[in-house]
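Going down the list, the sequences are from chains A and B.
Using this note's numbering, read the first sequence as starting at 1 and increasing by one per residue.
Using this note's numbering, read the second sequence as starting at 1 and increasing by one per residue.
Computed cross-link-like contacts, DSS-like style, restricted to lysine-lysine with a CA-CA straight-line distance of at most 27 Å:
| hint | chain 1 | residue 1 | chain 2 | residue 2 |
| --- | --- | --- | --- | --- |
| 1 | A | K222 | B | K187 |
| 2 | B | K222 | A | K230 |
| 3 | B | K15 | A | K328 |
| 4 | B | K18 | B | K165 |
| 5 | A | K15 | B | K328 |
Read the hints as simulated data drawn from the structure, not as lab findings.
So the chains spell out like this:
2 protein chains.
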Amino acid sequence: MNTPSFTDQAIELGKRAKAAARRLAALSSEEKNRALNLMADRLEAQGAFLIEENRQDLESAKKAGITGAILDRITLDPGRVQAMAKGLRDVAILPDPVREMVKMWRRPNGLQVGRMRIPLGVIAIIYEARPNVTADAAALCLKSGNAVILRGGSEAHRSNHAIGKVLQSACAETRVPSEAVQVVQSKDRALVHELLQLESYIDLIIPRGGEELIRAVVANSKVPVIKHYKGVCHVYVDSDAALEMAERICMNAKVQRPSVCNAMETLLVHETIAPKFLPSMIAKLQAAGVEIRGCEKTRALGSGIKGAKEEDWSAEYLDLILAVRVVKDLDDAIAHIERYGSEHTESIITTNYQKSREFIDRVNSSAVMVNASTRFNDGGELGLGAEIGISTSKIHAFGPMGLEELTTTKFVVLGDGQIRE
Amino acid sequence: MNTPSFTDQAIELGKRAKAAARRLAALSSEEKNRALNLMADRLEAQGAFLIEENRQDLESAKKAGITGAILDRITLDPGRVQAMAKGLRDVAILPDPVREMVKMWRRPNGLQVGRMRIPLGVIAIIYEARPNVTADAAALCLKSGNAVILRGGSEAHRSNHAIGKVLQSACAETRVPSEAVQVVQSKDRALVHELLQLESYIDLIIPRGGEELIRAVVANSKVPVIKHYKGVCHVYVDSDAALEMAERICMNAKVQRPSVCNAMETLLVHETIAPKFLPSMIAKLQAAGVEIRGCEKTRALGSGIKGAKEEDWSAEYLDLILAVRVVKDLDDAIAHIERYGSEHTESIITTNYQKSREFIDRVNSSAVMVNASTRFNDGGELGLGAEIGISTSKIHAFGPMGLEELTTTKFVVLGDGQIRE
Numbered sequence: 001m002n003t004p005s006f007t008d009q010a011i012e013l014g015k016r017a018k019a020a021a022r023r024l025a026a027l028s029s030e031e032k033n034r035a036l037n038l039m040a041d042r043l044e045a046q047g048a049f050l051i052e053e054n055r056q057d058l059e060s061a062k063k064a065g066i067t068g069a070i071l072d073r074i075t076l077d078p079g080r081v082q083a084m085a086k087g088l089r090d091v092a093i094l095p096d097p098v099r100e101m102v103k104m105w106r107r108p109n110g111l112q113v114g115r116m117r118i119p120l121g122v123i124a125i126i127y128e129a130r131p132n133v134t135a136d137a138a139a140l141c142l143k144s145g146n147a148v149i150l151r152g153g154s155e156a157h158r159s160n161h162a163i164g165k166v167l168q169s170a171c172a173e174t175r176v177p178s179e180a181v182q183v184v185q186s187k188d189r190a191l192v193h194e195l196l197q198l199e200s201y202i203d204l205i206i207p208r209g210g211e212e213l214i215r216a217v218v219a220n221s222k223v224p225v226i227k228h229y230k231g232v233c234h235v236y237v238d239s240d241a242a243l244e245m246a247e248r249i250c251m252n253a254k255v256q257r258p259s260v261c262n263a264m265e266t267l268l269v270h271e272t273i274a275p276k277f278l279p280s281m282i283a284k285l286q287a288a289g290v291e292i293r294g295c296e297k298t299r300a301l302g303s304g305i306k307g308a309k310e311e312d313w314s315a316e317y318l319d320l321i322l323a324v325r326v327v328k329d330l331d332d333a334i335a336h337i338e339r340y341g342s343e344h345t346e347s348i349i350t351t352n353y354q355k356s357r358e359f360i361d362r363v364n365s366s367a368v369m370v371n372a373s374t375r376f377n378d379g380g381e382l383g384l385g386a387e388i389g390i391s392t393s394k395i396h397a398f399g400p401m402g403l404e405e406l407t408t409t410k411f412v413v414l415g416d417g418q419i420r421e
Numbered sequence: 001m002n003t004p005s006f007t008d009q010a011i012e013l014g015k016r017a018k019a020a021a022r023r024l025a026a027l028s029s030e031e032k033n034r035a036l037n038l039m040a041d042r043l044e045a046q047g048a049f050l051i052e053e054n055r056q057d058l059e060s061a062k063k064a065g066i067t068g069a070i071l072d073r074i075t076l077d078p079g080r081v082q083a084m085a086k087g088l089r090d091v092a093i094l095p096d097p098v099r100e101m102v103k104m105w106r107r108p109n110g111l112q113v114g115r116m117r118i119p120l121g122v123i124a125i126i127y128e129a130r131p132n133v134t135a136d137a138a139a140l141c142l143k144s145g146n147a148v149i150l151r152g153g154s155e156a157h158r159s160n161h162a163i164g165k166v167l168q169s170a171c172a173e174t175r176v177p178s179e180a181v182q183v184v185q186s187k188d189r190a191l192v193h194e195l196l197q198l199e200s201y202i203d204l205i206i207p208r209g210g211e212e213l214i215r216a217v218v219a220n221s222k223v224p225v226i227k228h229y230k231g232v233c234h235v236y237v238d239s240d241a242a243l244e245m246a247e248r249i250c251m252n253a254k255v256q257r258p259s260v261c262n263a264m265e266t267l268l269v270h271e272t273i274a275p276k277f278l279p280s281m282i283a284k285l286q287a288a289g290v291e292i293r294g295c296e297k298t299r300a301l302g303s304g305i306k307g308a309k310e311e312d313w314s315a316e317y318l319d320l321i322l323a324v325r326v327v328k329d330l331d332d333a334i335a336h337i338e339r340y341g342s343e344h345t346e347s348i349i350t351t352n353y354q355k356s357r358e359f360i361d362r363v364n365s366s367a368v369m370v371n372a373s374t375r376f377n378d379g380g381e382l383g384l385g386a387e388i389g390i391s392t393s394k395i396h397a398f399g400p401m402g403l404e405e406l407t408t409t410k411f412v413v414l415g416d417g418q419i420r421e
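Next up, chain A with everything else stripped away, as it sits in the complex (with noise of 0.2 Å):
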């Protein structure tokens, strides 16, 4: 008996997934639901299945070395399990996108043109780590009426594939096709890389996780990638700024979850505000555990300050260490973003109208913020509903990824007769 090839392998979860598309692209909001409701509740009648398996991922990490914040984000307990219930039946909370009519106009010659939302199709998910991604993943992509081909880290891959069999299982119950949601059985980076090149039966790849991933899944892929590299975020203290709400702003920016994308990592200051500024924002900061690396200005306005390095301009730092520098103006500042920028959240402080305008007309990153912290560029936090990713590039989307960007539109022709001339 031979096993079959990576590519036979592939092109099987393939053709299923574009079948099980095409069933699930014609059913209705209510039976879309009833299947994300019965997944949630499923996976909490089988919680003691999932922890079992989550157990012997653990156990594999610990013998593997993983400790620590890994082994945390692998951990599934009581809680958590509930947690992803309570996400799935969320999503079936959310607005179904698909069938929408965008928009509809009428042609010169009586033609009525609209465009309608209908799903991608089918979307690869290549992640890292946690869990709980196969059933957010699963219900983003069910609910926008994708298929979804799962395909997690090899740490987590018993407590992945667990889950995947409970959310099958429970689609079996339903009219979704249990093939609608498949995780990948094969731990080989081959298969991976065997996905990749179908583009005939995969309409999306989104890969999740590290940059050296998500640079290798660019690299091999034929099938569209929307991707998220880094976001080395800013805020602009304007001369104009109300110095407290400045210093909110920053602070909740920097420290209130320093680990994630949109936390703030360099801090751009206005000449004239700084010496008011910058001694009490500095020294905040520092008590709240935060590394400060200055630029010569800045480093003048405090004590403890480590000089920035070119390096840190263009620094993600993920961690509670900040990047100060005092800039002329706007346009020093805005010139600092596009040069060291990621193009992903910027905010601008200040009570000037017109500056304010022009941060906005300006900066083109995937959020651009007026007194606002850069926590905020977040799907759920944006009114989106729910967030499957954060695209920095700008290609289908750009910034958080919610149920609507996981559709595409077609364009409806309604005529009577109408032949071209």
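Put chain B on the given structure of chain A with help from the hints.
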């Protein structure tokens, strides 16, 4: 003296384009329109120069044995130069999509969140034969605020280069940077390959040409690609069709311009209406020079009909050839389209309300039509104002791409000091 490597040449093109894109993104519609109109004036004024350069391309092409349709497509004459100029002026009149606020909403915490259209940045277009694409594509990219790198076919190398020179010199008289429009100098394919690697400088690649060219670009590009493989368009004549209308639409869809991607390639006819509809339809198509390749039932309803082979059902003839199949019902028609179609354009001819709704909901092609010719799947005809290409993949754009499809949206967030809890 060393010639710079292809890598260095490509990076140089990319850097210049990116710098130009930043300046271009900030320009007003008036400034861009002024450049477009000036480009049109200069093309007309330099008509003799363009035609002389083109003459040299034609001579080389003839020496290389190029004749017929391809030679015609390369040719520039005063009428075609004028048409290019008119194309530029038409684009100047179109509404500017940049900085349009697509949507705006308010969050419970008072944040006002919106999506604003912004240019993609830098677009590379890789195309074949027709030199007018150089001016058309440059105009659409410029209007939508994007810098463009143009790489045309080597048969029209001198013509493309000359057009690029005229466009650039017109830009130089305005605030539009000359590097907003760059025509690649080298004829070497190695340079194209290097462009495909430049994901930090180029935001989108649009290949226009034969399937081989497009597949090569997709296989090698790290930059996102929007592609168009082929159009196998279907008309389904339902049992409830108005026969005169069905005949008129089928004739138009097949005969009006058979060489383009939105021409009908397969006709599906409901079995109850086939005996009434097909004999005269087939005779009329044959009278117009169309070769019919039919299923067994079709062959029984006319004369001189070749038997369709399996490969005929997925053929994109781009010629006066039509595959015809008699189907059992709507389900059978949709199953045929799913199996053999290219998700390009499908039209149902029916007077039945319920069946029109089902066809629209269940067929997920880039354009789904009721009682209209497939030939309407075109940016101009659908009301997009212009068209840079048709996408048959669902990411970013599906179907004809106009100015809006050359933009993305950023989130704009207006706050009053909000922080995240």
